[in-house]
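Please construct the entire structure, taking both the sequences and the accompanying hints into account.
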Amino acid sequence: MTDPHIPVTEDELHAYVDNELPAERRGDVEAWLATHPDDAARVQSWRSMAEALHARYDAVVDEAVPKRLEIERLVREPRKWVYGAIAATLAAFIVGGGVGWMARGASAAPSSIQNFTVHALEAHRLYVVEVRHPVEVPGSERAHLQAWLTKRCGWLVRAPELTAAGLKLVGGRLLPGSGGPASFMMYESTSGERFTIYTAKSEAEATQMRFSSQGNESTLFWVDRGVAYVVSGAGDRGRLTQIAQSVYDQMEKTGG
Amino acid sequence: MTAFRQSVEAMIPALRRYARALARDADIADDLVQDTLVRALRSERLFLGGDVRSWLYTILTNLNKNRRRSLARRPQFMPLLDNNPDASGTEAEGRDIARALSTLVEEQRSVLLLVMLEGLSYREVADIQGVPIGTVMSRLARARAHVKASLEGERTALRRVK
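The listed protein sequences correspond, in order, to chains A and B.
Counting from 2, one number per residue, gives the positions in the first sequence under the working numbering.
Counting from 80, one number per residue, gives the positions in the second sequence under the working numbering.
Do not rely on the hints blindly, as some may be mistaken.
[As the list claims (entries may be wrong)] With a straight-line Cα cutoff of 20 Å, these simulated SDA-like cross-link-like pairs (lysine to any residue) come out: (1) K227/B x G181/A; (2) K227/B x L34/A; (3) K227/B x D39/A; (4) K227/B x R48/A; (5) K169/A x R143/A; (6) K169/A x G193/A; (7) K169/A x G155/A; (8) K202/A x W156/A; (9) K144/B x T182/B; (10) K227/B x A42/A; (11) K68/A x T182/B; (12) K68/A x R121/B; (13) K227/B x S49/A; (14) K68/A x H225/B; (15) K144/B x A205/B; (16) K227/B x H55/A; (17) K227/B x A41/A; (18) K227/B x D40/A; (19) K68/A x I91/B; (20) K68/A x A93/B; (21) K227/B x P38/A; (22) K144/B x S86/B; (23) K144/B x R132/B; (24) K227/B x A16/A; (25) K227/B x W156/A; (26) K227/B x Q45/A; (27) K227/B x E11/A; (28) K68/A x S86/B; (29) K68/A x A205/B; (30) K68/A x L120/B; (31) K152/A x G181/A; (32) K227/B x G193/A.
[To be verified] Selected chain B positions facing chain A (Cβ under 10 Å, derived; list incomplete): (33) A98; (34) A105; (35) V117; (36) G129; (37) D130; (38) L191; (39) V194; (40) L196.
Keep in mind that the hints were calculated from the coordinates and are not lab data.
Cβ coordinates follow ideal geometry from the N, Cα and C atoms, glycine included.
Here you go:
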């Protein structure tokens, strides 16, 4: 038994919380905490911190392990390019004369992110200039448009409400994507600026938002629950971000 | 499948969790896990017993250190928005803790996560980082103080805005 009157050090408080304290000293620390509310509050805050960490990250453990991490596959075909990914992504854009990449580089599938944004931008450019036939299904048939695209694409396609951003749904169409169908929706402001939302099936489960721009147009790309989203439009980055955020929030709510 | 491969496979979910918290970006995190697994599998014959779990955490921690070192040499582009689509439970709180983590220096974040999230002992973390236990404890203490201040600072800032 150690002397309970020896003051408890901060190291001991940490060790207590982490179960690293010798068993015979635990009682002393508990007695100390009962009479030292500041230390007790500190210990409590560390415990809440651990809970917050688990609340935030434990879900990852229950996720299905992505195919690229399967042992059998790795034994067969170890990944060689590893951290050249950043350079490779940039090189692909320079060689392809493509989109100036402004987001952080290293990524699971740089080529597919590039494909998505390139396809989305091509469609954007092709159709936003169209006056008479910008879309296949007009915005007045929103419910039909959503149901049709959802059925053809195979994931939940929603035409988000963007009136708060001053945008009205023009309509949408089905597009051929790189690995299957893609959905494409167009919005317009009263001043005539047009924004488009492109979705396609992604191999990645989720990514953060990435920004890129080329000439007058910019795109924001992200993947959520296996669906890639590309929001494209002219105008400043703040405006595009506002729109993308609104799209993202609404997809979150509908469970898209 | 060999016993070695099985024990590596059993660790994948936990490695993904650690990497996700360490690197924040889900893609980068899985890249780290993949590279860790590739290295581990390549060294199968060199592995003469011991703790597979600690060894895998060591590889991942080192790979992340290297990655950050190479990133430091190029201009930093931060993701435009801090979206965590996989946030569970109290989502705002999850974002707070993720943001607080991102403000920690590398060794402190790694110690904090290995101890608090992955449940490793001080001894194991000392071996992983190749430092004495005393260093692990001081890093942990500083990391906790920093995260606590960051979380509290955020809340008072929020209150002020409201």
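Checklist entry - In ascending order, which of the hints set out earlier in this document are inconsistent with the structure? => result 1, 7, 11, 14, 22, 25, 29, 32, 36 and 37
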